[in-house]
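Peer 1: For reference, the chains in residue letters:
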Amino acid sequence: MVRRNWIRFWSLFLALTAQCSWAAEVQVAVAANFSSTMQAIAPVFEKESGHQVRIITGATGKFYAQIKNGAPFQVLLAADAQTPLLLEQEGLAVAGSRFTYALGSLVLWSRQSDLVDAQGEVLRSTRFKRLAIADPRLAPYGTAAMQALEQLGVLPQIKDRLVQGESVTQAYQFVASGNAELGFIASSQLIVDGKRLPGSSWLVPESLYSPLRQDAVLLKSGQANPAALSFMLFLRSPRARTLMRDNGYSH
Amino acid sequence: MIAPEDWNAIGLTLRLAGISTVVLLMLASPLAWWLARSQSAWRAPVAALTSLPLVLPPTVLGFYLLVTLGPDGPLGRLTLLLGLGTLPFSFAGLVIGSVVYSLPFAVQPLLHAFQNMGDRPLELAATLRASPLDAFFSVALPLAWPGFVSAAVLSFAHTIGEFGMVLMMGGNIPGQTRVLSTQIYGHVEAMAYTQAHALAAGMLIFSFAVLLGLNLLQKRGLRMGS
Numbered sequence: 001m002v003r004r005n006w007i008r009f010w011s012l013f014l015a016l017t018a019q020c021s022w023a024a025e026v027q028v029a030v031a032a033n034f035s036s037t038m039q040a041i042a043p044v045f046e047k048e049s050g051h052q053v054r055i056i057t058g059a060t061g062k063f064y065a066q067i068k069n070g071a072p073f074q075v076l077l078a079a080d081a082q083t084p085l086l087l088e089q090e091g092l093a094v095a096g097s098r099f100t101y102a103l104g105s106l107v108l109w110s111r112q113s114d115l116v117d118a119q120g121e122v123l124r125s126t127r128f129k130r131l132a133i134a135d136p137r138l139a140p141y142g143t144a145a146m147q148a149l150e151q152l153g154v155l156p157q158i159k160d161r162l163v164q165g166e167s168v169t170q171a172y173q174f175v176a177s178g179n180a181e182l183g184f185i186a187s188s189q190l191i192v193d194g195k196r197l198p199g200s201s202w203l204v205p206e207s208l209y210s211p212l213r214q215d216a217v218l219l220k221s222g223q224a225n226p227a228a229l230s231f232m233l234f235l236r237s238p239r240a241r242t243l244m245r246d247n248g249y250s251h
Numbered sequence: 001m002i003a004p005e006d007w008n009a010i011g012l013t014l015r016l017a018g019i020s021t022v023v024l025l026m027l028a029s030p031l032a033w034w035l036a037r038s039q040s041a042w043r044a045p046v047a048a049l050t051s052l053p054l055v056l057p058p059t060v061l062g063f064y065l066l067v068t069l070g071p072d073g074p075l076g077r078l079t080l081l082l083g084l085g086t087l088p089f090s091f092a093g094l095v096i097g098s099v100v101y102s103l104p105f106a107v108q109p110l111l112h113a114f115q116n117m118g119d120r121p122l123e124l125a126a127t128l129r130a131s132p133l134d135a136f137f138s139v140a141l142p143l144a145w146p147g148f149v150s151a152a153v154l155s156f157a158h159t160i161g162e163f164g165m166v167l168m169m170g171g172n173i174p175g176q177t178r179v180l181s182t183q184i185y186g187h188v189e190a191m192a193y194t195q196a197h198a199l200a201a202g203m204l205i206f207s208f209a210v211l212l213g214l215n216l217l218q219k220r221g222l223r224m225g226s
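Chains H and X, in that order, give the protein sequences.
Residues 1 to 251 (this note's numbering) are what the first sequence spells out, left to right.
Residues 1 to 226 (this note's numbering) are what the second sequence spells out, left to right.
If you're looking for bench data, these hints aren't it; they were derived computationally from the structure.
The reader is advised that the hints may include incorrect statements.
Facing chain H, a subset of chain X residues (Cβ under 8 Å, in silico) [to be verified]: (1) D134; (2) A190; (3) A201.
Listed below are the simulated SDA-like cross-link pairs for lysine to any residue, each with C-alpha atoms no more than 20 Å apart in a straight line [claimed, not checked]: (4) H:K68 with X:T194; (5) H:K195 with H:K68; (6) H:K129 with X:T68; (7) H:K129 with X:L84; (8) H:K159 with X:I173; (9) H:K159 with X:S90.
All values reported here derive from a predicted model rather than from experimental measurement.
All C-beta atoms in this analysis are idealised placements derived from N, C-alpha and C, irrespective of residue type, glycine included.
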């Protein structure tokens, strides 16, 4: 009985929302490191708002170039704070819409369960041949990794063992495929389908790198789009924040 | 305008293309010869396999190389067993990748050259009691030389332009795997457009010159052949 009432309620809800004129679609450009979290957030938002979300994942730098050239995105969830700021200064984003939606954390990870210790001392050892990081010129997680290595004072002795991926996703790939024993990745990558990856890891203390602020911004083409506005609000909601925390982000 | 690390990448790229071309010619000559003359049932599958890199996106190729040559992959296990270590992130790994990637560009021109030659010259050589090996070196090679030039030039040029494969398995190590194309990519992504332009323009001019030269040469080769 109770179940049947629920079905009635939902069919009524769906019928209403489908007819409402404010049911719209938003195209969100999402930084690669946030992609799996976004996959978890989108259905919840769609259910709550009745709007549709289309997710486009990629590198923030590429999105910047695409947006400058008229890409049809309404919202950008960047991997850094700089790009949204730049877009706002160039008049491509709505002024005052910027906010930090997530703070990333850096993790040192290995597939081998006995390699990474709780203090990251392994970095001072010769127990690994290759350490994967994201390219510090291109990816915020790469910059953070370099800062941490410098702060720890181990950069000179491991310089020859560094391999760089063009993004933090590739750094992860290098470790996951076993080609590098160690790698600095995003803590969000350590959680796959709600489960922690096997192996050993060290959550790098935040004092060792500048914060990985990831900012969201409403783009000019989204300023009159109800789905875009509603999504920007939803990102700050407790439900969205819980999902982000479950996926390894803090605030 | 061109920084030392850019020159470094240019030098590395030329070395990679040069070594790959030599390896490719040594591999592709017997392969194309066999493809041109064999009646075997294996001929079609091998021909298809040889052309596969034309169709596969380079990133796919690079990803499979990363996995197969990695410590868990079959070839990676073999190289570990032989005490060579694993090949991704190394110059040797890139040479292997380039050979796979540019194989069709070496095989196709040679195959055409061998096919166009027909059976007559070899039959004649046989009547003069030349061994098949002798016939290959003293009859087929001189006749098919425009094919060898095309194969060498195309392999070289194609290797210079490879990008996706290197990006997937290179690891961006200066002097080892940071080649011209990944260097340009890095400049563009980091919005260092002036540096990117300098390198990209150079590459464009080089590629045009190579293709122009090849075309002129082919025309001359045809005239000489006729």
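Peer 1: For each hint, tell me whether it holds in the structure or not.
Peer 2: Results of checking the hints against the structure:
| no. | hint | in the structure |
| --- | --- | --- |
| 1 | D134 | 46 Å, violated |
| 2 | A190 | 5 Å, holds |
| 3 | A201 | 19 Å, violated |
| 4 | H:K68 with X:T194 | 18 Å, holds |
| 5 | H:K195 with H:K68 | 38 Å, violated |
| 6 | H:K129 with X:T68 | 19 Å, holds |
| 7 | H:K129 with X:L84 | 13 Å, holds |
| 8 | H:K159 with X:I173 | 10 Å, holds |
| 9 | H:K159 with X:S90 | 15 Å, holds |
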